[in-house]
Amino acid sequence: MALDNQPKREFKVVGTRPPRPDGVDKVTGRAQYGADVSAPGMLVAKILRSPHAHAEILSIDTSAAEALAGVKAVVTSRDFGAVGDTIIDIGEDSSPLADIRDNCLARGKVLYDGHAVAAVAAVSAEVAKAALKLIKVDYRVLPHVTDVDAAMKPGAPVVLSGRVEETVQRGKSENVTHYCEFGHGDLESGFAAADLVVERSFTTAATHQGYIEPHACLASMTADGKADLWCCTQGQYNVRSVCAEILGMEASQLRVTASEIGGGFGGKTSIFIEPVALALSRKAGRPVKLVMTRDEVFKATGPTVSTSMDVKIGMTKDGRITAASSHLRYSGGAFPNATVDMGAQAAFAAYDLKAVRTFGWNALTNRPKESAYRAPGAPQAIYAVESVIDELCQKLNLDPLEVRLKNAAKKGTRSSYGPTFDDIGLIATLEAAKAHPHLKAPLGPNQGRGISAGFWFNFGGNTCVTLNINTDGTVSVTEGNPDIGGSRASIGMMAAEELGVPFEKVRTIVADTASLGHNDITDGSRVTFAVGLATIKAARDAIQKMCRRAAAIWGIDEEAVEWVDGAARPSGPNAGQFPPLTLAEIAAVSFQTGGPIAGHHEFNADGAGVSFGVHIADVEVDPDTGATKVLRYTVFQDAGKAVHPDYVEGQMQGGAVQGIGWALNEEYIYGADGRLQNAGFLDYRIPVASDLPMIDAVILEIPNPGHPYGVRGVGETGIVPPLAALSNAVSRAAGVRLNRLPMSPPRVLEAILSKG
Amino acid sequence: MKTIAVSTKINGDAVDFVCAPDESLLDVLRNRLGMTGTKEGCGTGDCGACSVTLNGRLVCSCLVLGAEAEGAEVGTVEGMAEGGTLTVLQQAFIDHAALQCGICTPGILVAAKALLDQNPDPTDEELRFWLAGNLCRCTGYDKIIRAVQSAAAQMRSA
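Keeping their order, the protein sequence lines are chains A and B.
Under the numbering used here, the first residue of the first sequence is numbered 682, with each subsequent residue one higher.
Under the numbering used here, the first residue of the second sequence is numbered 7, with each subsequent residue one higher.
These aren't lab readings, by the way, just hints derived from the structure by calculation.
Hints may be right or wrong, so weigh each one.
As the list claims (entries may be wrong) - Part of the chain A face toward chain B, derived, beta carbon under 10 angstroms:
1. Glu691
2. Arg701
3. Lys707
4. Pro721
5. Val978
6. Asp1080
7. Ile1190
8. Asp1193
9. Ala1195
10. Asp1327
11. Gln1332
12. Met1333
13. Gly1336
14. Ile1341
15. Phe1362
16. Ile1376
Backbone N, C-alpha and C define an ideal beta-carbon position, used for all residues, glycine too.
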């Protein structure tokens, strides 16, 4: 739907900052998350996990566990059905159903440390834990590989056989499952035209989304095959599709309700425990609650891809990029994935380039199956690109912001991944950064300033919304996406804006899978855009019906009624002289004018509109310890139109701090035995309050032509620029280029000492 | 396993429960007493989501045994608001958008209240170090710091 820009729209509700509707529940402890509900007769489930990075399962003997008093069910992969070749589309990713199933409970082989092997439901957690110790698994340990470059070499231990796609070049390990290539133009003559070409290699560690709420669910299946499932997820409809297939159920018989979600960031788009809990409930005939421990969350859910990358960029003395290429090697763990596609497409998206090419490979490793994490695949590639641009700027003595302005993509630019950009906000965002006092603030000794641009595509997708006009003049919006960043507020605000009623008159709820049609997962920064758009259209549907009722009351033509400021009015003097009928007045008599009034809209949303951001980071590096302190941080991002500016800032600040953690501290550390060494918040260190300064957030509003209010998704772009912004700042402060993430103190110190 | 009978006070109310000798106060609150406002993020004392007060002292309830609550006074997020009225601190979290997913919010509210009870005028640095044991993954802490400081200022002038 096109932007309503004629005349320029004056907003009444959108752009204000009302209190969030879930606020009181969340500050009083009433909000119910995945682990917060119970059911009569409920059992407690625990999962047995592999102690090996890679091993063949020769046999599983569950008889002693089953015989233990209080154990009501034990399941292994034998309890899951055949699923054929179905591919499940999970928004930012798609996955063969068999891979999801085999990740939930290993079949034949365990593929990583922590891979689930069996599960028990018992009358208490103590009994369930005791039963796990009685399950006898006979393993034949296999050689393993956890490093992406090692995994790609011929002769590397093969994680899964027979998964190589046809496009992959010959001569590589069977672990290399996927290849992609994007770009245009003549690289050779582009590099020849450069005054300076810099080529560097980079690595980034796998990181975890780090949501504070571990995965949790409560499953209840009855003898007639009906089931209810309560779980923390970013997409209840996807949970339903996957679980119904794995358990051989019909979708209508499985009702999935999304709990309040304690953080997801992409990590709760995947499915790990729900089919296991359902299988246990089916076997035991009782409700089963399954809650992961933090150790399990680190070992068996989440992480991002780990990467190894080469980037080559040519630049003229006056800062024009003449050619750019990158080779991206990503590993998404033990199952095939194509996240590298998004990295390859995003790598150079911020620039208007004549010659650009990106090549990407995915390699299997004995690590947990990758899950989406805020702009999946983009932060890594853009980190490498923005680092090389900064080095070029340093060597050519150019201003890094001016160079980005000079090369910035704009309306009409043929993007590095193919499409031609419509209205985009990169130049406005760079100009805002240029004008900001942060860029001119003085720096002291051992301090450095880094900047980086960032990009994310943003998604639309399948969406369905119902909007009911209640007889007391209030409005109920029913949507189907878990509220992960304040979407109940933003959706309610758009409904209020469109209907012309106060925000307080609208209540938005997240429906279970039986109460509303399919909605894609909460991902791709899609909800405020796509669900908001469906809500606006549902409101317009209801308005049309209310105008019809008013026309009937007045005895005039429906076309002669218009909706202004929350009321039906005759559209002009010729239509007749009637006082306006408000929404409340029409609703109050609806039973006499044709029955209840509701608006509805279902569609596959298009036109999400890409999003750009620019970050400025100031750091101080301690030359004696290599420790980095973030002194000042400013985020500039195009929101299209900020529906609730507080929550837009919240996305920008939260994404930036996750990126700061990725840049400075966070990493999956594997031992030589292939086991994860730091599966807890003590050793996997996410940023804490004392690590950080305030995060200044500057919202730009360059309207998205694909939304009537101009809204763009804002959830993901914020995690993209921090990696390079920090790396460039640390490199300038330390006087040596850093090319590995995280920049933990020992690595920075090593780099400082190595420069001599 | 032999259970232990415990008499305690939670949010001012007398409460009796039985628990296993190795059962954490967090498990007692959540699983035996239905007080799920206190959250479990790690179970190892690293995230602070389970913060409660025990005789006025801020603790991770996952690192305290249920049996240790005998004769003690326990304070949880459920005891903050009086009747239907939110405290200044709770209201400030809503007004300053200091929460997103909200899973860390109960622990952060309990921790922040414990600080303000002993130091009504903390510097930002004191506040950041006090809250360093409470992980939040959504907000980047910016709006949390602003909310607590705003509440502290309102409470000082009240």
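Taking the hints in turn, this is what the structure says about them:
no.	hint	verdict
1	Glu691	24 angstroms, violated
2	Arg701	7 angstroms, holds
3	Lys707	3 angstroms, holds
4	Pro721	13 angstroms, violated
5	Val978	9 angstroms, holds
6	Asp1080	28 angstroms, violated
7	Ile1190	16 angstroms, violated
8	Asp1193	19 angstroms, violated
9	Ala1195	25 angstroms, violated
10	Asp1327	4 angstroms, holds
11	Gln1332	8 angstroms, holds
12	Met1333	9 angstroms, holds
13	Gly1336	8 angstroms, holds
14	Ile1341	8 angstroms, holds
15	Phe1362	4 angstroms, holds
16	Ile1376	5 angstroms, holds
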